[in-house]
Amino acid sequence: MQLLAMFVKDVRRTEQKYRKPRNIIMRIEPSAIGFDIDGVVADTTEAFIRILNKKYGISGITAADIVEFDVCQCLNIEPEIVEGTFAALLTDPIAAEMRPLPGAVSVLQCLGRQAPLTFITARPLRRPIADWLSHVLGRETFQNSNLIAMGDHDGKASHIRKAGLNYFVDDRYETCVELETGGDITPLVFTQPWNKGRHQLQSVSSWLEIAQLCHL
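In terms of the working numbering, the sequence shown opens at residue 1104 and continues consecutively.
Keep in mind the hints are simulated off the structure, nothing from the lab. Take the hints with a grain of salt, since some may be wrong.
Unchecked claim - With beta-carbon atoms standing in for the labels, derived distance ranges:
hint, residue 1, residue 2, range
1, G1286, A1198, 22 to 32 Å
2, N1156, R1264, 23 to 33 Å
3, G1206, K1299, 29 to 39 Å
Said to hold, decoys possible - Here are the simulated SDA-like pairs of lysine to any residue, each with C-alpha atoms no more than 20 Å apart in a straight line:
hint, residue 1, residue 2
4, K1299, I1184
5, K1265, E1149
6, K1299, L1193
7, K1299, E1149
8, K1299, K1157
9, K1158, I1131
10, K1265, S1237
11, K1157, L1193
Just so you know, even glycine gets a beta-carbon here, dropped at the ideal spot from N, CA and C.
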């Protein structure tokens, strides 16, 4: 009996050693993943801070200061100024010199060579952000992409399912929590100051991590 107990203990120890944790993603197929744009592909924060300084003379704000998704809740700035700044980014992100986050372009170009890219954004205007994506990714990468401009932060799940995706990267943790509840979509929270410490979902902090998950 003692020998059998020792054997069972050894088997269980081996199983625990090699068992795949449920929250660890082993590999994501390029055709199975979609992306939000602002705060994931686009460095909207840098552009927002720069426009505040250049157009309105507001300085001293850093990315670390933006700890709420609704910036009016964490920055002492008139709502009209915030609206004017975001309007520039919504209507003409190319003229606003909005930049991609580090690594985004190279990873998306690599993914785009293997499967069409899918972007689902809460932006209300499709054409300006389509032009921006084509500008930064290159026409060859973007021309086969699927871009959905919802005009709303909620309800992305139906678009993700319709696109046949299993994974979605978003910086808004409320969106990711909503996706998680459905059970058929795995959200990846792209780490930003406004989502840190507010969820227990799997997260990625860089495009290098996304590349590694996709085995690029």
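Against the structure, the hints come out as follows:
Between G1286 and A1198 the CB atoms are about 42 Å apart, so this pair departs from the stated range of 22 to 32 Å. Between N1156 and R1264 the CB atoms are about 41 Å apart, so this pair departs from the stated range of 23 to 33 Å. The hint said 29 to 39 Å for the Cβ distance between G1206 and K1299, and at roughly 20 Å that hint is violated. In summary, the hint linking K1299 to I1184 is not supported, as the alpha carbons are separated by about 26 Å, beyond the 20 Å threshold.
Proposed proximity of K1265 and E1149 is contradicted: the alpha carbons are some 32 Å apart, above 20 Å. Of the pairs offered as hints, the one joining K1299 and L1193 is violated, with about 25 Å between alpha carbons and a cut-off of 20 Å exceeded. A distance of roughly 18 Å separates the Cα atoms of K1299 and E1149; the hinted pair therefore holds under the 20 Å criterion. With a C-alpha separation of about 29 Å, the suggested pair K1299 and K1157 falls outside the 20 Å cut-off, and the hint is violated.
Note on K1158 and I1131: the hinted pairing is violated, with a Cα-Cα distance of about 42 Å set against a maximum of 20 Å. Distance hint between K1265 and S1237 is unfulfilled; the C-alpha atoms sit about 23 Å from each other, more than 20 Å. About 17 Å separates the Cα atoms of K1157 and L1193, which keeps this hinted pair within 20 Å; it holds.
In this structure, the earlier hints numbered 1, 2, 3, 4, 5, 6, 8, 9, 10 are contradicted, and the remaining ones agree with it.
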